[in-house]
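K.L.:
The primary structure of each chain is shown beneath.
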Amino acid sequence: MRLPALFRTTPFRLTLLFMALFAGAASAFLAYIYVVAVGEVSRVADSEISHEVAALEQVYSHGGRDALRRAMIERAAAGHDFLYLLLDENGHRIWGDIPETRVGRFDERNTVWMRFKVNAPTPGGSVSQRLARGERQKLTGGEVLFVGADVSDAEAYVLRIVSALWGAGGLVVVLGLAGGLVVSRNVTRSVSQLNAVVAAVQGGDLQARVVLRGSGDEFDELAAGLNDMLDRLERSIGGLRHAGDAIAHDLRSPLTRLRTRLEVALLDVEAGKGDPTAALAQALEDADGVLKTFAAVLAIARLQAAGSAPDQKPFDPSQLAADIVELYQPLAEERSLEFTAELAEGLSVRGNREFIAQAMANILDNAVKYNAPGGAVMLRVRRRSSGEIEFSVTDTGPGVPEADRPRVVQRFVRLENSRSQPGVGLGLSLVSAVAEAHGGRLEIDEGPGKVGEIGPGLRVALVLPRAQ
Amino acid sequence: MRILIVEDDAEAGAAMVRGLTEAGHQVTHVADGALGLKAASGGGFDVLVVDRMTPNMDGLTMVETLRRAGDQTPVLFLSALGEIEDRVTGLKAGGDDYLVKPYAFAELIARVEALARRRETGSVQTVLRVGELEMDLIGRTVRREGREIDLQPREFQLLEFLMRHAGQSVTRTMLLEKVWEYHFDPQTNVIDVHVSRLRSKIDKGFDRPMLLTVRGAGYRLEA
Chain A
269 MRLPALFRTT PFRLTLLFMA LFAGAASAFL AYIYVVAVGE VSRVADSEIS HEVAALEQVY
329 SHGGRDALRR AMIERAAAGH DFLYLLLDEN GHRIWGDIPE TRVGRFDERN TVWMRFKVNA
389 PTPGGSVSQR LARGERQKLT GGEVLFVGAD VSDAEAYVLR IVSALWGAGG LVVVLGLAGG
449 LVVSRNVTRS VSQLNAVVAA VQGGDLQARV VLRGSGDEFD ELAAGLNDML DRLERSIGGL
509 RHAGDAIAHD LRSPLTRLRT RLEVALLDVE AGKGDPTAAL AQALEDADGV LKTFAAVLAI
569 ARLQAAGSAP DQKPFDPSQL AADIVELYQP LAEERSLEFT AELAEGLSVR GNREFIAQAM
629 ANILDNAVKY NAPGGAVMLR VRRRSSGEIE FSVTDTGPGV PEADRPRVVQ RFVRLENSRS
689 QPGVGLGLSL VSAVAEAHGG RLEIDEGPGK VGEIGPGLRV ALVLPRAQ
Chain B
48 MRILIVEDDA EAGAAMVRGL TEAGHQVTHV ADGALGLKAA SGGGFDVLVV DRMTPNMDGL
108 TMVETLRRAG DQTPVLFLSA LGEIEDRVTG LKAGGDDYLV KPYAFAELIA RVEALARRRE
168 TGSVQTVLRV GELEMDLIGR TVRREGREID LQPREFQLLE FLMRHAGQSV TRTMLLEKVW
228 EYHFDPQTNV IDVHVSRLRS KIDKGFDRPM LLTVRGAGYR LEA
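Each protein sequence line maps, in turn, to chains A and B.
One gets this note's numbering by counting positions in the first sequence from 1 and adding 268 to each.
One gets this note's numbering by counting positions in the second sequence from 1 and adding 47 to each.
Chain A on its own, in the form it takes in the complex:
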């Protein structure tokens, strides 16, 4: 037989186990209480009876059977709470206020303890069975003296305690089971929520997330971890999907251009008016352009899909910047640009040198390309007060209007006045991808401002997180 799902859960089984342990302990405790309570009640009654028996024995030893009988009658009449019975040596009743049969047969023992029922008249006239306890004493003359006490009330009291304890035990079991069920249901609900999300993800829904209850318990922690993992997975898969789409989209237009150019060249050559060599050379150049674009798009897509740049090591950012400055210095001079660098010493940053160098090269490419002769380029490496490492390049070119700044980071976006310059519009996209792959960011601000015809310039900063 299969148990209902709830009863098969681990928490419920644990609850049952603990309940069993608890019930065992509680039973032992109850038994102890019972034994002690009953013992106490009996002990009090028994000691009083013993006193009475001793007193009556005294009377008997002084005055014999008749004196004893009188004493018993007197005592019974005086309202002593005892039950009396006196039998002769043959077991015949001499006097008593209880039936002799209840006392049982005489035997060899002098002193015995016994329990018996007594018929006591109730105020209503009916006869009820009451519980009594008494001591039977064989007297020297062969008579048997019995003194008992009605212990019904005490017994009932003990029974009430016992039944209260049983009731409490039952309540404990019921509450325990109910608690176990509640806990199991809570846990089951949390786990089944996790299971539902896992199943949804297995089914292909990467957007499924566990709803956090805000309790901060292990389940919330697990759920948060699961959500986090799914976020990363989704970003990564999204990145790959995006990369595929981007490559398809980004290569279609240059390939179409190349194809058109070849087609036109073919028509021209067929018509005898084109130069085949020039057309082929042009086509080759176009193909190189496509390949370059492809490489750039691929690099960006891979960085975005990977989420984090490969092969990251600590290095001195100023050293890297100095190398890049050395690479670009002659170019800047050729374009009549004043190129200065301000490189803070003793810094360390963690990253992929090659990617960061390429990002710097891309930024400097732009700074040189879009600058006017007589302008300036300034490269700066410093540590911000936040501990982040900033590589910034400030130029005195036309800058980028504030509204367009978020756009220039997107792939293939080229602003109107930049179309005359070579390039395909991937430079800053790559810088942005490099920044993100290092947990940093790309900042684009206005440069030093407008001075005459020059400016307002642009300040592009690659900000990397502080080295751990």
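I should point out that these hints are in silico values taken from the structure, not numbers from a laboratory.
We put the beta carbon where it would ideally sit given N, CA and C, even for glycine.
Just to be clear, a hint being listed does not mean it is correct.
[Stated by the list, open to error] Straight line, CA to CA, 30 angstroms or less: simulated DSSO-like cross-link-like pairs of lysine-lysine:
(1) A/K718 to A/K637
(2) A/K560 to B/K139
(3) A/K637 to B/K225
(4) B/K139 to A/K581
(5) B/K85 to B/K139
(6) B/K251 to A/K637
(7) B/K225 to B/K251
(8) A/K560 to B/K251
(9) B/K248 to A/K637
(10) B/K225 to B/K139
(11) A/K560 to A/K581
(12) B/K225 to A/K560
(13) B/K251 to A/K581
(14) B/K225 to A/K581
(15) B/K225 to B/K148
(16) B/K148 to B/K85
(17) B/K148 to A/K637
(18) B/K248 to B/K225
(19) A/K560 to A/K637
[Claimed, not checked] Just some of the chain B residues that point at chain A, by a computed CB distance under 7 angstroms:
(20) R114
(21) A127
(22) I131
(23) V226
(24) Y229
(25) F231
Assemble chain B onto chain A, guided by the hints.
P.N.:
Leaving out everything else, chain B in the frame of chain A:
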């Protein structure tokens, strides 16, 4: 120069054979790694051009096997895998240079010739001489016709590379990779500017230019 090409793409292989033959080399082409290993083990090649992914035995394994057997013939890996890690893997397997597909013929030929040359100049040299040009690698000085030329450190490195490959075309990418050790492609002609600076220092004031521009390829230093 004898060159072995291990390339499974028939068209690419045929194109390479043609390009390298026209450049004056003897070329053998095999289409899989096992055949490549057999041919290369026979010896007699100056340079091996090996595709990383070939049937029967991949290029990496083939080169590793050769290197374990003590064969030090220079190897140029060709691969469609262009990530930095791929490059590192190729060089670790025993490759001497790594060219990412697709490539220009000029680039391939320049690199193949550079590899063959590297083997010739195996011994440690302290002075390089190309025609009138003399470079003292220890004193870090350069003279042309005895006249001392003052070079920046990077210009010195650039000239050293050109002198070591004198008479051969070297491409911009090669210079960027070997002199600056960058593996990306700047959008602007930064290398050209460096070369023209160097040219103005070593050729200015002399009647014959030594540092030539090779159209469609790069540069060449002529004695």
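K.L.:
State the violated hints by number, sorted upward, taking the hints as numbered earlier in the document.
P.N.:
8, 13, 20, 21, 23
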